[in-house]
Amino acid sequence: MVGLVRRAVGFDWFDVRALEGLVTAGLVVASVVALMALAGVSSIGLSGARTGTSLAADLDPAKVAPELNQALPAGVDVEALRATVASTPSGLFEHVLVRLQVLPIAVLALVVLILMRRIVRSVAAGDPFVEENVRRLRIIGWLVALSPLLLVIAQISRSELVARSAAGSLALPHITIAFVPILIGGLLLVLAQVFAEGVRLRQDTEGLV
Amino acid sequence: MTADDGPAERDGIVVHLDRLLAERDLTLTELASRVGVTLVNLSVLKNNRARAIRFSTLDALCRELDCQPGDILSYAEPQ
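Protein chains in written order, with our numbering: chain R, 1 to 209; chain P, 1 to 79.
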């Protein structure tokens, strides 16, 4: 029965295996990132990782070098100076702040990837239109839609750490809210509803002779 | 729902495949291969556990059993 459905749909067995491999690889990477975040790594990039003793901060040019913008042509303005600030987090609160920069998002990514892998596994098993997948898609949708909140928390944590450091008075207050994740989360919730309809259709063909 | 759960009691449409098989001295396996339906599905049908039947299946059954749909199916008033 499963074989018939797969052949009818033009299903390539390799596609699902590749997808499962990709999601598992993502899961491994997310786990490593989460562990690093727990250890106090505050950002990870191609040039290396920052630990809690080093912060990325945007400084206000007006406070650092007021003459800078005067030296530039008209219509050209330096808005922020990206700096590295050495900081020594002390006390429980500051150590928590260090981890709030990456850990919440890393854990969210981990949860989403775990749910994704379960969905892909149900596809590999040949029976994806089940109630559990509707529930999984809904959870992922809400998590993704609310992730900008975690990003804001991360930014506030970093600002607070910078405020407590040597660069405190020079920093530029700056919060960015990402809207795309809200849109994508909404899309996933819509897809969850489509899936629910798929479950109903599948139930209709169960016991069809 | 599996084919090995045995006959089920059912209100509404009732399937009389077992009677027809006995009358024509046919096995379920034989009929399944002639009709082009899996043995599992034909067993589900025989045991009144099917929830829906395709016309194509009904066509093939009438052809192989040389009978009318009313010989295979009957309607029992729900209690």
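Any given hint could turn out to be false.
Stated by the list, open to error - Non-contacting residues of chain R with respect to chain P, defined by C-beta distances greater than 12 Å in every case (computed):
#1 Arg17
#2 Gly21
#3 Ser43
#4 Leu68
#5 Gln70
#6 Asp77
#7 His95
#8 Ala166
#9 Phe179
#10 Ile184
#11 Leu188
#12 Val190
#13 Gly207
#14 Leu208
#15 Val209
What the hints assert, rightly or not - Partner residues aside, some chain P positions facing chain R, computed with beta carbon under 10 Å:
#16 Val37
#17 Ala76
#18 Gln79
No lab work stands behind these hints: they were computed from the structure. Glycine included, every Cβ here is placed at the ideal spot set by N, Cα and C.
Going down the list of hints, with the structure as the test:
{"no.": "1", "hint": "Arg17", "in the structure": "holds, 27 Å"}
{"no.": "2", "hint": "Gly21", "in the structure": "holds, 33 Å"}
{"no.": "3", "hint": "Ser43", "in the structure": "holds, 54 Å"}
{"no.": "4", "hint": "Leu68", "in the structure": "holds, 76 Å"}
{"no.": "5", "hint": "Gln70", "in the structure": "holds, 81 Å"}
{"no.": "6", "hint": "Asp77", "in the structure": "holds, 70 Å"}
{"no.": "7", "hint": "His95", "in the structure": "holds, 57 Å"}
{"no.": "8", "hint": "Ala166", "in the structure": "holds, 71 Å"}
{"no.": "9", "hint": "Phe179", "in the structure": "holds, 46 Å"}
{"no.": "10", "hint": "Ile184", "in the structure": "holds, 38 Å"}
{"no.": "11", "hint": "Leu188", "in the structure": "holds, 31 Å"}
{"no.": "12", "hint": "Val190", "in the structure": "holds, 29 Å"}
{"no.": "13", "hint": "Gly207", "in the structure": "violated, 3 Å"}
{"no.": "14", "hint": "Leu208", "in the structure": "violated, 4 Å"}
{"no.": "15", "hint": "Val209", "in the structure": "violated, 4 Å"}
{"no.": "16", "hint": "Val37", "in the structure": "holds, 7 Å"}
{"no.": "17", "hint": "Ala76", "in the structure": "violated, 19 Å"}
{"no.": "18", "hint": "Gln79", "in the structure": "violated, 22 Å"}
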